[in-house]
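Trainee: Spelled out, the chains give:
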Amino acid sequence: MERDSVDADVSVTVNGSHRPVPAGVTLESLVAMLGFSGRPVAVEVDGEVVSRASLSSRHLAGGERIEIVTFVGGG
Amino acid sequence: MSRTADASEGLDETAMGGGPLVVGGITLASRLVVGTGKYATYADMARSLDASGTDCVTVAVRRERLLNAAGENILDHLDASRYALLPNTAGCFSADDAVRVARLGRELLRDMGSATSEWVKLEVLGDTKTLLPDPVGTLAATEKLVSEGFTVLVYTSDDPVIAKRLKDLGAASVMPAGSPIGSGQGILNPNNLRICLEYLKDGDPAYPVIVDAGVGTASDVAAAMELGADGVLLNTAIAHAQDPVRMAVAMKAACVAGRLAFLSGRIPRRLYATASSPDEGRIVQPT
Chain A
50 MERDSVDADV SVTVNGSHRP VPAGVTLESL VAMLGFSGRP VAVEVDGEVV SRASLSSRHL
110 AGGERIEIVT FVGGG
Chain D
922 MSRTADASEG LDETAMGGGP LVVGGITLAS RLVVGTGKYA TYADMARSLD ASGTDCVTVA
982 VRRERLLNAA GENILDHLDA SRYALLPNTA GCFSADDAVR VARLGRELLR DMGSATSEWV
1042 KLEVLGDTKT LLPDPVGTLA ATEKLVSEGF TVLVYTSDDP VIAKRLKDLG AASVMPAGSP
1102 IGSGQGILNP NNLRICLEYL KDGDPAYPVI VDAGVGTASD VAAAMELGAD GVLLNTAIAH
1162 AQDPVRMAVA MKAACVAGRL AFLSGRIPRR LYATASSPDE GRIVQPT
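Heads up: the sequence lines are chains A and D, in that order. My numbering puts the first residue of the first sequence at 50, with every later residue one more than the last. My numbering puts the first residue of the second sequence at 922, with every later residue one more than the last.
Bound-form chain A, shown alone (with noise of 0.2 Å):
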């Protein structure tokens, strides 16, 4: 399969490590890729949160900064 923009990699932050991801990415496909489908996690892009019903149609860019988070323990 011929390869085109939409499959080139692109770097992103993820909970503060950069990371390639293919470009226009969801960030459901994101979560799955990191093993976190079913998790109790919470998404954040560049300080503005993602809901759940939002992440599969929420494709990612280049350079954009992504907070994965759940709960730990805290008092």
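I should point out that these hints are in silico values taken from the structure, not numbers from a laboratory. Given the structure is predicted, the values throughout are model-derived calculations rather than measurements. Keep in mind that the hints are not guaranteed to be accurate.
The calculated label-pair distances, taken between Cβ atoms and stated as ranges, are [to be verified]: (1) A:H108 - D:S1015: 27 to 35 Å; (2) A:T62 - D:T1051: 28 to 36 Å; (3) D:R1167 - A:P71: 36 to 44 Å; (4) A:S60 - D:A964: 39 to 47 Å; (5) D:K1085 - A:D95: 32 to 40 Å; (6) D:R1031 - A:A110: 52 to 60 Å.
Backbone N, C-alpha and C fix where the C-beta goes; we use that ideal spot for every residue, glycine too.
Dock chain D against chain A, hints included.
Mentor: Relative to chain A, chain D alone:
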């Protein structure tokens, strides 16, 4: 006696009047809010929470671990149908950061269908050494979060003026610190707490005031409740006790004891003694 309470399981202050604790329209069966941090294991945490009798627990929002996605999640050990989850903004040193973390906590809770999805325990800290709250940032974040529909339970110092301003901004509960977080120093300034309670409950006696932070042992919980606090939030005093489960039972009993003592109306302090036995009929006279 019409009723005996010989085990902590039998201690229930609501059965003796005074009504339950209501925060943001949600009724809590226990007046203890217990943190989930610092336990040696999740099993210790679960047993301690159970023993404390709490039905509201705090959690923190942190990055999901990228290298250990198969690891356990705290939610595997917390029954969300039993415990109201109260996400905190611990570790935030600016209003903007706290608002950001609060929104992420809300998204996690909404996704779980939690009844307390709009709740946040707001902490805006001023200093890493003391973990004392930054009052300016706390006021700003409270205003912002209230405007976004959050039910804000706000950690603050025992300063009555700031406490009143936080309530005026719409905080669902003001939570003055007894002493610095995790310090175990108890209630350092009961007079300030008294004034906080007086100001916050003026014309609004049901307004919930929860003493948050500084508890070291059971008597600290009792002392806070005897002052008229509606609840106590604690974590380290249970989690780092040598026997966390037993300490959780002690905290439960102290909370109920303190509440009952408050409701009962303590005697005033006097400088001099007043005899409990009658003077009349003594066969001897004082010299």
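Trainee: Next, verify each hint and record whether it holds.
Mentor: Now for the hints, and whether the structure bears them out:
For A:H108 and D:S1015, the hinted distance range of 27 to 35 Å is satisfied, since their beta carbons lie about 30 Å from each other. For A:T62 paired with D:T1051, a C-beta distance near 32 Å keeps the hint of 28 to 36 Å intact. Between D:R1167 and A:P71 the CB atoms are about 54 Å apart, so this pair departs from the stated range of 36 to 44 Å. Between A:S60 and D:A964, the C-beta spacing of about 41 Å keeps the proposed range 39 to 47 Å intact.
For D:K1085 and A:D95, the Cβ-Cβ distance of about 37 Å falls inside the hinted range of 32 to 40 Å, so the restraint holds. Taking 52 to 60 Å as the suggested C-beta distance range, the pair D:R1031 and A:A110 does not conform, at roughly 26 Å.
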